[in-house]
Amino acid sequence: MPDSNLPSVQLADAITAQLGQLRRLLALAPPHEAAQILANVLNYDTGLLGEVTELVETGSRFAKVHSERGILPPEVWLALGRAANELNSVGVDLDKHTGTIKQVSAPTPPSCRPTAVPVASAMVVRRRR
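Numbered by numbering that gives the first Met the number 0, the letters in the sequence shown go through residues 0 to 128 in order.
In case anyone wonders, no lab produced these hints; they're calculated from the structure. Among the clues, some could well be false.
Label-pair distances were calculated between CB atoms; the ranges are [as the list claims (entries may be wrong)]:
#, residue 1, residue 2, range
1, Val103, Arg81, 17 to 23 Å
2, Phe61, Pro30, 38 to 44 Å
3, Arg68, Leu25, 23 to 29 Å
4, Ala13, Leu71, 35 to 41 Å
5, Leu5, Ala105, 41 to 47 Å
6, Ser7, Ile70, 38 to 44 Å
7, Asp12, Arg68, 45 to 51 Å
8, Arg60, His31, 36 to 42 Å
9, Ala13, Thr57, 46 to 52 Å
10, Gln9, Arg60, 29 to 35 Å
11, Gly69, Ala16, 32 to 38 Å
12, His31, Leu10, 29 to 35 Å
13, Glu32, Gly69, 19 to 25 Å
14, Asp94, Arg23, 38 to 44 Å
Ideal Cβ positions, reconstructed from N, Cα and C, are used throughout, including at glycine.
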């Protein structure tokens, strides 16, 4: 049975609880605040997603060593390696958009011009009736 009194396990539990709290705050936050949260989380160099990716990469190295010793099945190492690669790929893709997300968090001065009529995007998919 795992020892939940270890400081490292307690830290993992505390971080998990804080992530849940952050998720709930994000869901309730006004747009400018939610944009700030997302931009910070998705910043691949200094944000949460990059740190989680590195954590999974470290877990993959742990699993590699222990699978080579026969303690863990190789599938565990492969799954962690695949997860680290996927997180890295997703993180790089999302990092490209943090600037756009940050723009939502910037206060916008009131405009004297009427707002433009929204134009449909090519990404909009219409359902057939």
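Verification of the hints:
| no. | hint | in the structure |
| --- | --- | --- |
| 1 | Val103 with Arg81: 17 to 23 Å | violated, 33 Å |
| 2 | Phe61 with Pro30: 38 to 44 Å | holds, 40 Å |
| 3 | Arg68 with Leu25: 23 to 29 Å | violated, 41 Å |
| 4 | Ala13 with Leu71: 35 to 41 Å | violated, 26 Å |
| 5 | Leu5 with Ala105: 41 to 47 Å | holds, 43 Å |
| 6 | Ser7 with Ile70: 38 to 44 Å | violated, 19 Å |
| 7 | Asp12 with Arg68: 45 to 51 Å | violated, 28 Å |
| 8 | Arg60 with His31: 36 to 42 Å | holds, 39 Å |
| 9 | Ala13 with Thr57: 46 to 52 Å | violated, 18 Å |
| 10 | Gln9 with Arg60: 29 to 35 Å | violated, 23 Å |
| 11 | Gly69 with Ala16: 32 to 38 Å | holds, 35 Å |
| 12 | His31 with Leu10: 29 to 35 Å | holds, 31 Å |
| 13 | Glu32 with Gly69: 19 to 25 Å | violated, 50 Å |
| 14 | Asp94 with Arg23: 38 to 44 Å | violated, 25 Å |
Against the hints set out earlier in the document, violations occur for numbers 1, 3, 4, 6, 7, 9, 10, 13 and 14.
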